[in-house]
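Student: Each chain is listed here by its residues.
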Amino acid sequence: MTTSPALPPALAEIVNDFQELEERDRLTLLLEFSRSLPALPERLTNHPELLEQVVECQSPLFLTVESEKTDDGEVIRLFFQAPPEAPTTRGFASVLFEGLDGLTAEQILAVPDDMPDQLGLTRAISPLRMRGMSAILGRVKRKVASGLRPAA
Amino acid sequence: MCPGWAVYGRGIMPVAVETNEKFAAYAHPERLVSTEWLAEALAAGATKDGRLVVVESDEDVLLYESGHIPGSVKVDWHTDLNDDVQRDYIDGAAFALLATAKGISRDTTVVVYGDKSNWWAAYALWVFTLFGHDDVRLLDGGRDKWIAEGRELTTDRTEVTPSAGYPVVERNDAPIRAYKEDVLAHAGKPLIDVRSPEEYSGERTHMPAYPQEGTLRGGHIPTAASVPWARAAESDGTYRSREELEALYLGEAGLQAGDDVVAYCRIGERSSHTWFALKYLLGFETVRNYDGSWTEWGNAVRVPIAVGTERGEWPTGN
Numbered sequence: 002m003t004t005s006p007a008l009p010p011a012l013a014e015i016v017n018d019f020q021e022l023e024e025r026d027r028l029t030l031l032l033e034f035s036r037s038l039p040a041l042p043e044r045l046t047n048h049p050e051l052l053e054q055v056v057e058c059q060s061p062l063f064l065t066v067e068s069e070k071t072d073d074g075e076v077i078r079l080f081f082q083a084p085p086e087a088p089t090t091r092g093f094a095s096v097l098f099e100g101l102d103g104l105t106a107e108q109i110l111a112v113p114d115d116m117p118d119q120l121g122l123t124r125a126i127s128p129l130r131m132r133g134m135s136a137i138l139g140r141v142k143r144k145v146a147s148g149l150r151p152a153a
Numbered sequence: 163m164c165p166g167w168a169v170y171g172r173g174i175m176p177v178a179v180e181t182n183e184k185f186a187a188y189a190h191p192e193r194l195v196s197t198e199w200l201a202e203a204l205a206a207g208a209t210k211d212g213r214l215v216v217v218e219s220d221e222d223v224l225l226y227e228s229g230h231i232p233g234s235v236k237v238d239w240h241t242d243l244n245d246d247v248q249r250d251y252i253d254g255a256a257f258a259l260l261a262t263a264k265g266i267s268r269d270t271t272v273v274v275y276g277d278k279s280n281w282w283a284a285y286a287l288w289v290f291t292l293f294g295h296d297d298v299r300l301l302d303g304g305r306d307k308w309i310a311e312g313r314e315l316t317t318d319r320t321e322v323t324p325s326a327g328y329p330v331v332e333r334n335d336a337p338i339r340a341y342k343e344d345v346l347a348h349a350g351k352p353l354i355d356v357r358s359p360e361e362y363s364g365e366r367t368h369m370p371a372y373p374q375e376g377t378l379r380g381g382h383i384p385t386a387a388s389v390p391w392a393r394a395a396e397s398d399g400t401y402r403s404r405e406e407l408e409a410l411y412l413g414e415a416g417l418q419a420g421d422d423v424v425a426y427c428r429i430g431e432r433s434s435h436t437w438f439a440l441k442y443l444l445g446f447e448t449v450r451n452y453d454g455s456w457t458e459w460g461n462a463v464r465v466p467i468a469v470g471t472e473r474g475e476w477p478t479g480n
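Chains A and B are the protein sequences, given in the same order. Note that the working numbering has the first sequence beginning at 2, numbered continuously upward. Note that the working numbering has the second sequence beginning at 163, numbered continuously upward.
Warning: the hint list may mix true and false statements.
[As the list claims (entries may be wrong)] Beta-carbon label-pair distances, calculated as ranges:
| no. | chain 1 | residue 1 | chain 2 | residue 2 | range |
| --- | --- | --- | --- | --- | --- |
| 1 | A | Ala40 | B | Thr478 | 58 to 68 angstroms |
| 2 | A | Asp118 | B | Gln248 | 20 to 30 angstroms |
| 3 | B | Thr448 | A | Pro113 | 46 to 56 angstroms |
| 4 | B | Asp422 | A | Glu24 | 38 to 48 angstroms |
Think of the hints as simulated: they come from the structure by calculation, not from any bench. In this text the structure is predicted, and so the values were computed from the model without any measurement. By construction, the Cβ of each residue, glycine as well, lies at the ideal position given by its N, Cα and C atoms.
The following block holds chain A by itself, in its conformation from the complex (with noise of 0.2 angstroms):
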């Protein structure tokens, strides 16, 4: 299998990694991811209405994405909350945070569709449960393009 070149490298090595492993070890993989999602900081869990809520995901997952200057021109952070009783959706924002956060909204706009295809888990997971983990990059993706609430 080969992975589409049009990746940004940190998730393109994520995807590499998925597909390097038999079916039963990604699903490992992904536990793993759902265990490094960062906590939200605090402004935001102070704030949980200016979080948008992906409501494709069977549990509940909350996103927002911010714009950032820095020395390297502007980019995109992202923050997602899902509980520990859904490891799945949890694994798979994790997948995104680790791939595209701190990337500038042209690079994450570009990432295809159907990435979270090319990670290989949707006969583990079930094509049911992959179209959540798709709504979520679709969110991401929407969220940016629409224009970025300045960090706070």
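Go by the hints and put chain B onto chain A.
Tutor: Positioned in the frame of chain A, the structure of chain B alone reads:
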């Protein structure tokens, strides 16, 4: 040690049923176990010799891996119980492979538990029953109660010794499973819609936050009584007492002893929870779960629906 822990001599129920006051009032107390009972059974080593297998069945495919009851095995409703090709449950050969791999023999006592008040656990129990597995029980209160009581969870992989071989038994759907055609033929007999009031009336076509399982039309099957599944459960996820369940289903919903009942929801998991209550706790002989549920009915061609809070009527001539 709990005195109920003796092994039955006749080999019909290898693990003795739990006796307590709450369960004794139910029509089939042998179908439920409490968290205390399970903890004692584990301590007594019942999972070590194949008499008892504990199965976790959750909505989230990774929740089991994040921590499970020691010695339990996972059965996933999507990836284990559904056929890859036909939109149906697996067949007898696939079930035999699954059961064998999980250490289950035909005479094993299976205790199922899961998240979300046992929706998927009840669903898995119902699928085991399609294959005529004799002794399958539900952990009252499920995963959440086990955790709330501070009982042990582990992330250790369960070392399963495959069973000596589960026989290939083909599913017998008719007694407990209704197809769409069965529901059409059921017109005039009691139906229980266990979805939320908003789904029943047609304001919503899916549960809040579950739009991927949406349908074209909102509403309910004509004449169905609305009894949301959660009304059968206490706040800790355990089933309500027999008296309370009778007030709900015989009183409010108007069922009568001996009724032939069909329950449905959106994909058949919440209605498995209600099916269990009607079948085993209240003792209705003929209760079927319509697993096609609203995702099928709300999209089906040439079937009637009713909209609004009233039960509605089947069109004449149907």
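Student: Run through the hints listed earlier and report the numbers of any the structure violates, in increasing order.
Tutor: none
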